[in-house]
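The chain contents come next:
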Amino acid sequence: MSESVDPEEVRHVADLARVALDDDEVARFAEQFGDILAYFDALDEVPEVDREADLTNVMRTDEVRDSLSQEAALENASERVDGYFKGPRVS
Amino acid sequence: MADENVFITEATIEGAEDGPLAGKRVAVKDNISTEGVRTTCGSDMLADYVPPYDATVVQRLKAAGATIVGKTNMDEFGMGSTTETSAFGPTDNPAAPGHVPGGSSGGSAAAVAGDYADLALGTDTGGSIRNPAAFCGVVGIKPTYGLVSRYGLVAYANSLEQIGPLAPTVEEAAALLDVVAGPDDNDATTRQESEARRASDSRAGDARETGANSNYADAADGDVEGLTVGVPTELVEGVDEGVRESFEAALDDLRDQGVETVDVSLPSVETAVQAYYVVAMSEASSNLARYDGVRYGVSGGYEGNWNESFADSREEGFGEEVKRRVLLGTYALSAGYHDKYYAKAQDARAWIQRDFDAAFDEADVLASPTMPVPPFELGESLDDPLQLYLADANTVPVNLANLPAISVPAGETDGLPVGMQFVGPAFGEHAIVRAASALE
Chain U
1 MSESVDPEEV
11 RHVADLARVA
21 LDDDEVARFA
31 EQFGDILAYF
41 DALDEVPEVD
51 READLTNVMR
61 TDEVRDSLSQ
71 EAALENASER
81 VDGYFKGPRV
91 S
Chain R
1 MADENVFITE
11 ATIEGAEDGP
21 LAGKRVAVKD
31 NISTEGVRTT
41 CGSDMLADYV
51 PPYDATVVQR
61 LKAAGATIVG
71 KTNMDEFGMG
81 STTETSAFGP
91 TDNPAAPGHV
101 PGGSSGGSAA
111 AVAGDYADLA
121 LGTDTGGSIR
131 NPAAFCGVVG
141 IKPTYGLVSR
151 YGLVAYANSL
161 EQIGPLAPTV
171 EEAAALLDVV
181 AGPDDNDATT
191 RQESEARRAS
201 DSRAGDARET
211 GANSNYADAA
221 DGDVEGLTVG
231 VPTELVEGVD
241 EGVRESFEAA
251 LDDLRDQGVE
261 TVDVSLPSVE
271 TAVQAYYVVA
281 MSEASSNLAR
291 YDGVRYGVSG
301 GYEGNWNESF
311 ADSREEGFGE
321 EVKRRVLLGT
331 YALSAGYHDK
341 YYAKAQDARA
351 WIQRDFDAAF
361 DEADVLASPT
371 MPVPPFELGE
381 SLDDPLQLYL
391 ADANTVPVNL
401 ANLPAISVPA
411 GETDGLPVGM
421 QFVGPAFGEH
431 AIVRAASALE
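Protein chains in written order, with full-length UniProt numbering: chain U, 1 to 91; chain R, 1 to 440.
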């Protein structure tokens, strides 16, 4: 059993990821993350490897294509206003 | 309704009247978009999400005459190996009642094992087709990265995942792969004709490498005389004793049919599980950022500021395993940790690719037990996420190396199904289909 992560660190990451957590979840994750991150430490031993990826960009011509109608694109939104998504206030 | 909780949504979507899949019932994993039929990804977040378009593979199923009979249960967003992280409850294993069907495509494998469908589509990011195929005693294929379009697949970890078939036999699985494989303008990572020609100039291969006019089903002829099968020692050490006995018996069977077996070594797989989880979690944290409750999903409300609304939406909509992976992925990519985790995982991935290349100089295909253990009992494995991650040891290297692999039934241990995995070189689907068919 390795050391837990600082619960404040879990809260910080959750804040970056925009996931609200209750106190129980924070405590549980702090303990589990200690084990999982300690396990990931084995990656320190991996040698540097040449990444000989044979990659090419795949482009299509920049032309108008059929796409979803505005109505279809909005179908799954919980609220819409005048053909737009309604979002929460920007701070 | 299947007693085993195989389907999240039962439906009847009729395809064309004629075609290679006419009269076939096909179950589709619930992270593959079906126009007008809800697609939940096993998550409360998307419990009411109804896609306005079909995934490319669904279009191809319909054009081939298949009847889609339902959307199958799965670990939430594909994150799990038992189908127990589904927001819609666990699925029982028809081949081993009281045990998990594996995951994340557990519902798809159970649909085939329980005869609720003739065939099924699943998705495999780190073993999510092969693991449930092994646990349910059916056949599952994870195609080479780029063989099957991911258009309309709800993304979890784009650089690793492929859609693939599950079926009672190798030939039927290969025939379903023939239907869904091939280039797609809507997925730029599918292999296009020009690239495949270049690849076949530089190494052995035929002009069918894109899958456009493939005939993988014909390769299921059981003719393995003269085939060399490499056994990576690292993937057999530490395997459950009963699983190992079944695996060795299957190798004996192959040798009796004229196969030569050789030991090969893949030292890099020692860090494959770590690399896999760092890459998958990092990609997940980015992909799942789209769930903010505005365009779809659980709304976080309209009071307060947007960061709080989004965080509330995600608190309510995501289950614990999804939160765990999104948080760890965010951590692995955050300032000060990127080089330690994400960059090293990319090195580990390149190292694994190099090891596989070397192994294929010595063998035509590689073989290992698909899973190092027999199916867990329902509820047995939920408490310790790290222990569950370790059970992916034999499947994740394949995704990291972008290779094709198949799981085929190879006997039982204490009445529980055992699966044997064959891994092929990139776009070497014919070879793994042929090898697997020799065990039927």
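FYI, nobody ran anything at the bench for these hints, they're computed from the structure. Hints are supplied without guarantee of correctness; some may be wrong.
Now the in silico label distances, taken between C-beta atoms and shown as ranges [as the list claims (entries may be wrong)]:
1. 71/U / 265/R: 37 to 43 Å
2. 86/U / 218/R: 51 to 57 Å
3. 69/U / 303/R: 26 to 32 Å
4. 68/U / 11/R: 36 to 42 Å
5. 59/U / 169/R: 37 to 43 Å
6. 305/R / 60/U: 43 to 49 Å
7. 39/U / 169/R: 34 to 40 Å
8. 305/R / 42/U: 52 to 58 Å
9. 54/U / 10/R: 42 to 48 Å
10. 23/R / 7/U: 53 to 59 Å
11. 265/R / 70/U: 55 to 61 Å
12. 10/R / 27/U: 36 to 42 Å
13. 7/U / 339/R: 21 to 27 Å
This one's a predicted model, so the numbers in the text were calculated from it and none came from an experiment. By construction, the Cβ of each residue, glycine as well, lies at the ideal position given by its N, Cα and C atoms.
Hint check:
1. 71/U / 265/R: 37 to 43 Å: The hint (37 to 43 Å, Cβ to Cβ) is violated, given that residue 71/U and residue 265/R are roughly 58 Å apart.
2. 86/U / 218/R: 51 to 57 Å: holds (54 Å)
3. 69/U / 303/R: 26 to 32 Å: holds (31 Å)
4. 68/U / 11/R: 36 to 42 Å: violated (21 Å)
5. 59/U / 169/R: 37 to 43 Å: holds (41 Å)
6. 305/R / 60/U: 43 to 49 Å: violated (38 Å)
7. 39/U / 169/R: 34 to 40 Å: Taking Cβ atoms as reference, residue 39/U and residue 169/R lie about 38 Å apart, which means the hint holds.
8. 305/R / 42/U: 52 to 58 Å: For residue 42/U against residue 305/R, whose Cβ atoms are near 40 Å apart, the range 52 to 58 Å is violated.
9. 54/U / 10/R: 42 to 48 Å: The hint (42 to 48 Å, Cβ to Cβ) holds, given that residue 54/U and residue 10/R are roughly 44 Å apart.
10. 23/R / 7/U: 53 to 59 Å: For residue 7/U against residue 23/R, whose Cβ atoms are near 57 Å apart, the range 53 to 59 Å holds.
11. 265/R / 70/U: 55 to 61 Å: Hint holds: Cβ distance 57 Å, inside 55 to 61 Å.
12. 10/R / 27/U: 36 to 42 Å: holds (40 Å)
13. 7/U / 339/R: 21 to 27 Å: holds (25 Å)
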